[in-house]
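FYI, the numbering for the sequence shown is 306 to 871, going by this note's numbering.
Worth double-checking, as some hints may not be accurate.
[What the hints assert, rightly or not] Quick list of simulated restraints, FRET-style, between CB atoms:
(1) Val821 with Lys735: 30 to 36 Å
(2) Gln474 with Gly857: 49 to 55 Å
(3) Asn853 with Thr647: 39 to 45 Å
(4) Lys584 with Val821: 36 to 42 Å
(5) Glu673 with Gly801: 48 to 54 Å
[To be verified] Lysine-lysine pairs mimicking DSS-like chemistry, simulated, CA-CA at most 30 Å apart:
(6) Lys663 with Lys648
(7) Lys662 with Lys632
(8) Lys333 with Lys445
(9) Lys833 with Lys735
(10) Lys648 with Lys662
(11) Lys813 with Lys682
(12) Lys662 with Lys833
(13) Lys445 with Lys336
(14) Lys813 with Lys313
(15) Lys833 with Lys682
(16) Lys682 with Lys648
(17) Lys735 with Lys563
(18) Lys632 with Lys648
(19) Lys833 with Lys813
(20) Lys735 with Lys682
(21) Lys563 with Lys584
(22) Lys584 with Lys735
(23) Lys632 with Lys663
(24) Lys833 with Lys663
(25) Lys813 with Lys735
(26) Lys833 with Lys632
(27) Lys313 with Lys333
(28) Lys313 with Lys336
(29) Lys445 with Lys833
(30) Lys632 with Lys682
(31) Lys813 with Lys336
Hints listed in this document are in silico derivations from the structure and should not be mistaken for laboratory results.
All values reported here derive from a predicted model rather than from experimental measurement.
Just so it is clear, CB atoms sit at the ideal spot from N, CA and C, and this is done for glycine as well.
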Amino acid sequence: MSYDLVVKNGMVIDGSGSARYRGDIGVKDGKITTIGRISAPADEVVDAEGHVVTPGFVDGHTHMDAQIFWDSLGSCSCYHGVTSVVMGNCGFTLAPCREEEVDYVFRNLERAEDISRQAMLAGITWQWETYPEYLDVIDKLPKGMNYAGYVGHSALRTYVMGERAFDEQASEDDLAAMVANVQDAVRAGAIGFSTSRSPAHLQPDDRPVASRIADFSEVRAIVNGMGEIDAGIFQLAMERGTNEELEAFYRRLNDLSKESGRPITFGSLTRRSNPGAWKSLYDIIEQGNQDGARVFTQVHAREINVVLSFETQLPFDDWPVWRDVRKLSLAEQQAALRDPETKRRLIEAANGGTSNKKVTGGEARPPEWDYFYLMDKASWPHRSLADIAAERGVEPVEAMIDIALEHDLQVFFRQPISNEDEDAALAIMKHPRSCVTFSDSGAHVSQIMDSSLQTHLLSHWVRERQEFTLEEAVRMITYDTATSWGFHDRGLLREGMAADIVVLDPDKVAPRMPTVEYDLPAGAQRLKQMADGIAATIINGQVVLRDNEHTGALPGQLLRGPLARA
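All chains should be modelled from the sequences, with the hints used to inform the complete structure.
Okay, structure coming up:
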C-alpha cells in the first residue's frame, strides 16, 4: 500500500512508558496504519533520523475559548508539541451567551484570565447563543490543533440569571434551567462542566466572578445532573482556606464524585506560605479514590511565575511616582530612569510606597526580593535581585532599574507565586493521582508564560535533572492526559489511533525566551514563547509545523464528548 505520510528512521517512544525502539510510522487518512519498517511509497516523508517520535502532547487546562477565533494555529501551545487541548476551564466560557449580553462573559474573562476585552470585541464574530451552537461554530473554524471544551459555570449563571448572577443565589427555576443547559451541552459534545471557587478570580471592579456567588449546593445539583446522563467531567478552580477547611472541602469533592459518578479534577499547587500542606490533601484524594471516587489533580512542571518587564507590567505600576513614569513611552521611561533625581524618587517610592489595588491572579505583587529573579535565560535557575543587589552594593529596586537600562528596558524578571519549592513540585508531579498539565494557555497572555510546560518538563526534569526518563515524561503528557480526559484514540502511537505525532531532538528540546508581541486583535499585547528541538508536529496525519514554521495545514478537529460520539 501507499501512504499519505511516513515518519522514517526515528526512535519511537509510543506514550505507554515502554522502552523506545527504532521504527517507521505510516499514516493514511489521518490514522496510524503501520508501525515497523516501511519501504512503500508515501506522498510526504518526515526523516526523523537522530530524533525521537512521540504522540502529540495533550493539555487538559487551557483557556483558548476566545483565541481560537483569531489564531487558527493555537500559539503558543503549538510550538511546544501540543496537539490537543481542553478549553473552558474554571467556569470561563463564551457560551451560553446572547450576543446582546456579551458584557457578562467579558467581565468574567478579562481580569480573571487576562484576556483583552478589546481583542475579544475585535476578534470574535458572535454566531451562537447556546453551548451546542457554540460547539457547531468551533467545529467549522479552521484549526491547527484539536480542541475540546467544558461548559462554564460563570457563563451559564449569567445566561440564566442575568445581572442577578453576580449577587444572588439561584432560584429553583434558575437551577433547573442550569442543569438542563449543562445536560444539553454535554449531549452535544461538551467534555463536562467547569466552575471557579477561587478568590483569585475577580471582575475588573474587584467583585467575584459569577460562579463564586453560587452556593455549593448549586454546583452539586449541576454535577449530579451530569450524573443523570452518565457523562461529563467536573473541573474546578479550587477554594482556599485553612488546612482544616481545605481538608473538609476535599472530602466534599470525594463525596460528590461518588454520589454523581463523575470524575472531578482541579489544579493543585504547593505554596511556600504553607509548606507540606499538600500531603494531607493528597492522602484524602487517595482515600477517596480507594472508596469509589474518581478525583485527580492537574499540576505544573515548575513554579507559576508572573513574568515582569518594563514592556508589560511591574509591581510598582500604580504606586506613587512610578505611575506617572509608567504612563510614558519606553523611550521616555528610559530617559526618566537615567535622570538621577527621578531615579532617586522612584527608589524611595518603591521602598516606602504601596498600592490600594487588590492584587490577584497573574498580576504583579509587591516584591519580595529574595523571590524576585532576573530571567536572563530560558533555563532554570535564575539569580535573585537580592543577590544581584548585594553583589553590586545597591538596593534591589536600584539593581532592577540598572539592569533594565543596561538592556534598553528589553529584559524580563520573574516572580514565583506558587510551586516555589522545586522538591515539593516534583513530589506532586510524581504522585499517582496527578496529571502534569496546567498551562493556562490562552489566558494571562501578558502576565505568565506557561504554554512551555511540556518542553520545560522534557528539558529541565528529564535532560538536566534526570528525575524522569524520557519515556516516563512522554507518557505523562500524552497517554496519561489523553486517557484522563477520555481521548481514547490519542496519546499513544498505535495502529488505528489518530496520527497526532511529534518529532523532537531530546538533546535540544527546550523553551526559548519569551518575547513581547502586539499581534492580538486591536493590537493587544501578549507574551509569545517558542521552542527549540521540535522538528515536526503532525496533527491528524498532516504536518502542521516544521521547525516552528507553519506549513499552512489546518487539520485540527473539535473533540466532542462521548455522548456526541455515540
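Structure-based check of each hint:
The hinted range of 30 to 36 Å is satisfied by Val821 and Lys735, whose Cβ atoms lie roughly 35 Å apart. Checked against the hint of 49 to 55 Å, the pair Gln474 and Gly857 passes, with Cβ atoms roughly 51 Å apart. As the Cβ distance of Asn853 to Thr647 is approximately 41 Å, the hint placing it in 39 to 45 Å holds. One distance hint, 36 to 42 Å for the beta-carbon pair Lys584 and Val821, holds here, with the actual separation near 39 Å.
A C-beta distance of roughly 53 Å is found between Glu673 and Gly801, which places it inside the suggested range of 48 to 54 Å. Taking the CA atoms of Lys663 and Lys648, the gap is near 26 Å; set against the 30 Å cutoff, the hint holds. The straight-line distance between the Cα atoms of Lys662 and Lys632 is roughly 17 Å, inside the 30 Å bound, and the hint therefore holds. This hinted pair checks out: Lys333 and Lys445 have alpha carbons roughly 23 Å apart, not beyond 30 Å.
Annotation: proposed proximity of Lys833 to Lys735 holds, straight-line Cα distance about 29 Å (limit 30 Å). Restraint check for Lys648 and Lys662: the C-alpha separation of about 23 Å stays at or below 30 Å, so the hint holds. Our distance criterion of 30 Å between C-alpha atoms is met by Lys813 and Lys682, whose separation comes to about 15 Å. Using a Cα cut-off of 30 Å, the hinted pair Lys662 and Lys833 holds, with the two alpha carbons roughly 27 Å apart.
The straight-line distance between the Cα atoms of Lys445 and Lys336 is roughly 21 Å, inside the 30 Å bound, and the hint therefore holds. For the given pair, Lys813 sits about 20 Å from Lys313 by alpha-carbon distance, which is consistent with the 30 Å threshold. Between the alpha carbons of Lys833 and Lys682 the distance comes to roughly 15 Å, so the proposed pair stays at or under 30 Å and holds. About 27 Å separates the Cα atoms of Lys682 and Lys648, which keeps this hinted pair within 30 Å; it holds.
A threshold of 30 Å between alpha carbons decides the hint, and for Lys735 with Lys563 the separation of about 25 Å falls inside it, so the pair holds. Distance hint between Lys632 and Lys648 is fulfilled; the C-alpha atoms sit about 16 Å from each other, no more than 30 Å. Proximity of Lys833 to Lys813 is assessed by CA-CA distance (about 19 Å); at most 30 Å being required, the pair is judged to hold. Only pairs whose Cα atoms come within 30 Å are accepted, and Lys735 paired with Lys682 is accepted, the gap being roughly 27 Å.
With a C-alpha separation of about 22 Å, the suggested pairing of Lys563 with Lys584 holds against the 30 Å cut-off. At roughly 13 Å between alpha-carbon atoms, Lys584 and Lys735 fall within 30 Å of each other, so this suggested pair holds. Taking the CA atoms of Lys632 and Lys663, the gap is near 20 Å; set against the 30 Å cutoff, the hint holds. Taken as a hint, the Lys833 and Lys663 pair is honoured in the structure, with Cα atoms around 27 Å apart against an allowance of 30 Å.
With a C-alpha separation of about 24 Å, the suggested pair Lys813 and Lys735 falls inside the 30 Å cut-off, and the hint holds. Straight-line distance between C-alpha atoms of Lys833 and Lys632 comes to about 23 Å, which keeps the hinted pair within the 30 Å bound. As the CA atoms of Lys313 and Lys333 are separated by approximately 15 Å, the hinted pair is consistent with the 30 Å bound. Between Lys313 and Lys336 the alpha-carbon distance is near 16 Å, which keeps this suggested pair within the 30 Å criterion.
About 26 Å separates the Cα atoms of Lys445 and Lys833, which keeps this hinted pair within 30 Å; it holds. Proposed proximity of Lys632 and Lys682 is supported: the alpha carbons are some 28 Å apart, at most 30 Å. A C-alpha spacing of about 28 Å is found between Lys813 and Lys336, which places the hinted pair at or below 30 Å, so the restraint holds.
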